[in-house]
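Line by line, the protein sequences are chains A and B. 324 is the number of the first residue of the first sequence in our numbering; add one for each residue after it. 105 is the number of the first residue of the second sequence in our numbering; add one for each residue after it.
In case anyone wonders, no lab produced these hints; they're calculated from the structure. Note that the structure is a prediction, hence the values are computed from the model and not measured. There could be a bad hint or two in this list.
Said to hold, decoys possible - Listed below are several chain B residues computed to face chain A (Cβ distance under 8 angstroms; list not exhaustive):
no., residue
1, Q128
2, R133
3, V202
4, L211
5, R246
6, A249
As the list claims (entries may be wrong) - Take a look, some chain A residues computed to stay more than 10 angstroms from chain B by CB distance:
no., residue
7, G353
8, S417
9, Q420
10, E447
11, L448
12, G465
13, V594
14, L628
As the list claims (entries may be wrong) - Some, not all, of what chain B presents toward chain A, calculated at C-beta under 10 angstroms:
no., residue
15, R115
16, L117
17, P210
In this text, a Cβ means the ideal position worked out from N, Cα and C, and glycines have one as well.
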Amino acid sequence: MATTDTRTNELAIEVRDLRKSYGEVDAVRGVSFEVSRGEVFCLLGPNGAGKTTIVEILEGYRTRTGGEARVLGMDPAPGHRNLRERVGMVLQQSGVQNDLTVAELIEMYGRYYSRRRPVDELIELVELGEKRNTRARDLSGGQLRRLDLALGLVGDPDLLFLDEPTTGFDPGARRQAWSTIRSLCDLGRTVFLTTHYMDEAQHLANRVAVMNAGQIIAIGRPEELGGRDLRPAAIRFTVPEAWSLGDVPDVPCEHRSLEGNRVLVVTREPVTAAQRITTWALEHDIDLGHFSVSQPTLEDIYLELTGSVQENDQTVQEVVR
Amino acid sequence: MSAVTAPSRTRDLGLIAWQIRYEQRAYWRNRGRGIFTFVFPLMFLVIFASLDKGAHIHSLRGIPYDDFFVPGILAYGIIATTYVNMAIGTAILRDQGVLKRMQGTPLPRWAYIAARIGSTLVIVLAMTVITLALGVAAYGVRIRASTLPGLIATLVLGTAAFTALGIGITRLIPNAEAAPVVVNLTILPLTFISSVWFPPTGMPKVLVDIAKFFPIRPLADGLQHAFNPLTTGAGFDGQDLWTLAIWTAVGIFLMLRFLRQPQGEAG
Numbered sequence: 324m325a326t327t328d329t330r331t332n333e334l335a336i337e338v339r340d341l342r343k344s345y346g347e348v349d350a351v352r353g354v355s356f357e358v359s360r361g362e363v364f365c366l367l368g369p370n371g372a373g374k375t376t377i378v379e380i381l382e383g384y385r386t387r388t389g390g391e392a393r394v395l396g397m398d399p400a401p402g403h404r405n406l407r408e409r410v411g412m413v414l415q416q417s418g419v420q421n422d423l424t425v426a427e428l429i430e431m432y433g434r435y436y437s438r439r440r441p442v443d444e445l446i447e448l449v450e451l452g453e454k455r456n457t458r459a460r461d462l463s464g465g466q467l468r469r470l471d472l473a474l475g476l477v478g479d480p481d482l483l484f485l486d487e488p489t490t491g492f493d494p495g496a497r498r499q500a501w502s503t504i505r506s507l508c509d510l511g512r513t514v515f516l517t518t519h520y521m522d523e524a525q526h527l528a529n530r531v532a533v534m535n536a537g538q539i540i541a542i543g544r545p546e547e548l549g550g551r552d553l554r555p556a557a558i559r560f561t562v563p564e565a566w567s568l569g570d571v572p573d574v575p576c577e578h579r580s581l582e583g584n585r586v587l588v589v590t591r592e593p594v595t596a597a598q599r600i601t602t603w604a605l606e607h608d609i610d611l612g613h614f615s616v617s618q619p620t621l622e623d624i625y626l627e628l629t630g631s632v633q634e635n636d637q638t639v640q641e642v643v644r
Numbered sequence: 105m106s107a108v109t110a111p112s113r114t115r116d117l118g119l120i121a122w123q124i125r126y127e128q129r130a131y132w133r134n135r136g137r138g139i140f141t142f143v144f145p146l147m148f149l150v151i152f153a154s155l156d157k158g159a160h161i162h163s164l165r166g167i168p169y170d171d172f173f174v175p176g177i178l179a180y181g182i183i184a185t186t187y188v189n190m191a192i193g194t195a196i197l198r199d200q201g202v203l204k205r206m207q208g209t210p211l212p213r214w215a216y217i218a219a220r221i222g223s224t225l226v227i228v229l230a231m232t233v234i235t236l237a238l239g240v241a242a243y244g245v246r247i248r249a250s251t252l253p254g255l256i257a258t259l260v261l262g263t264a265a266f267t268a269l270g271i272g273i274t275r276l277i278p279n280a281e282a283a284p285v286v287v288n289l290t291i292l293p294l295t296f297i298s299s300v301w302f303p304p305t306g307m308p309k310v311l312v313d314i315a316k317f318f319p320i321r322p323l324a325d326g327l328q329h330a331f332n333p334l335t336t337g338a339g340f341d342g343q344d345l346w347t348l349a350i351w352t353a354v355g356i357f358l359m360l361r362f363l364r365q366p367q368g369e370a371g
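Chain A on its own, in the form it takes in the complex:
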């Protein structure tokens, strides 16, 4: 019994065989994962994969059809007030009282929580200082999203849900939001993030779960996802016209190919292979154009993982909308 308690305390979220059906359609089909305290966990997947359904079950907005879910040790389904005291939410779409100003809104929402962060600190954090006395209806989309973040943080939550928090941000604003989110984790807060931006997952998440058609198809650290770290690297370069593969030196590799004048070498020993190719080129004074060595990106892995089940997706997406 004691061991179970310790374990529960270490986990911010625990989900086992979670299911959700909308009529005939199964939007979430048996999903299991755990999120530790202080972790940034990212749910990655195409639109309609079931990300928002899972988040909204954990937030208490939707009821599950089956399985188990624990958030900060509590069942999220009844929407306990004690749970809401400790959880912050940035929903995909949710408005504010448009006739109130930024400062008034942060102040108003803050009062609902028994623990709260100061208004000025939050305004500074989301960089809305110049807009503090502007009514919400006069804010731009990006500013509203930053206000959303401030309102999600106003109760100084232990766990923050971020449902596609930077959709519609320009690159600069996204970097700012990322650094804000990362600073939260430094304070020991847990962040549960959903996104369809690969770079966002890469930058922020300690662990990523890739979803497709209501299921988790891969889970792990971004650099290890789908065996990414174990995949062979690709060496690419161009050779002079009318060369054949036989003119290129033999290197340890999985396979190699020549298309036009572009050579591709797929190898598990990229350092050795690259060294041999470049030495050979220098010795023979050959100009290797566009020389590059690359590991598969998170995006390559993601597309590979989600590509196969793309067709089932459409129906789920339509029903959930």
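Here the structure of chain A is known, so what remains is to put chain B in place on it, guided by the hints.
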């Protein structure tokens, strides 16, 4: 983890008062929705009263037209500030996702609705005071101590019924754009047959009977009864009050059903 203080009743009441302040601020700042619903009935009062200056109503034993019309406008004002405001306002808040956001905070849902009702009551009170002040000052209407109990009972029940119905009807409003249509569809036809603006002179009996069944007629009639200079007694109209009480119950039932439906779950 720092401890989260246990919620207490006192704290919740404080939260309601806090929320009423912000609801009020938002209401009076919105010129489109707030002030115009408020100005509308008063505008009618001035226009209609000047059209029929000094007229008397023969079918009501010759009482001054103003004694009939001022309470009629008051009834209309109450409906506009409670039912119309509440229904359209709630539909907009729901569409914008504000209700959903509020549900995710520790503010209990009942406390939020209580604050919105509280804020509505402040508006109703302001509307009542201004209409009656104008009626007394400009149109010679008299508030009599003898009929005050009937006046207050009708005001309280009418406000309760239309506030609750305003929240309850939101379930039948599919989206914010449809809100004014649904609201007008439920209000306008009844207003015309409920003798709010004009005495029921020459109106077919069947229409009068239909109107009596719905809450607008009892509210207008109850107030007109209390202001009628010929009324004797405490100004109570038993049938009007009963009808309003039943509609209050219906409204509260619908309101509770709306309250129980979570935001976010489809359907």
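The hints, checked one at a time:
1. Q128: At 11 angstroms from the nearest chain A Cβ, B/Q128 fails the 8 angstroms test, so the hint is violated.
2. R133: holds (4 angstroms)
3. V202: Hint on B/V202: holds, closest Cβ of chain A at ~5 angstroms, below 8 angstroms.
4. L211: holds (4 angstroms)
5. R246: violated (39 angstroms)
6. A249: violated (40 angstroms)
7. G353: The claim stands: A/G353 keeps its Cβ more than 10 angstroms from every Cβ of chain B (closest is about 21 angstroms).
8. S417: A/S417 is in fact no farther than 10 angstroms from some Cβ atom of chain B, at 4 angstroms.
9. Q420: violated (5 angstroms)
10. E447: holds (22 angstroms)
11. L448: holds (19 angstroms)
12. G465: Per Cβ check, A/G465 is outside 10 angstroms of chain B; nearest 18 angstroms; holds.
13. V594: holds (47 angstroms)
14. L628: holds (29 angstroms)
15. R115: holds (8 angstroms)
16. L117: violated (13 angstroms)
17. P210: Check passed: Cβ of B/P210 comes within 5 angstroms of chain A, closer than 10 angstroms.
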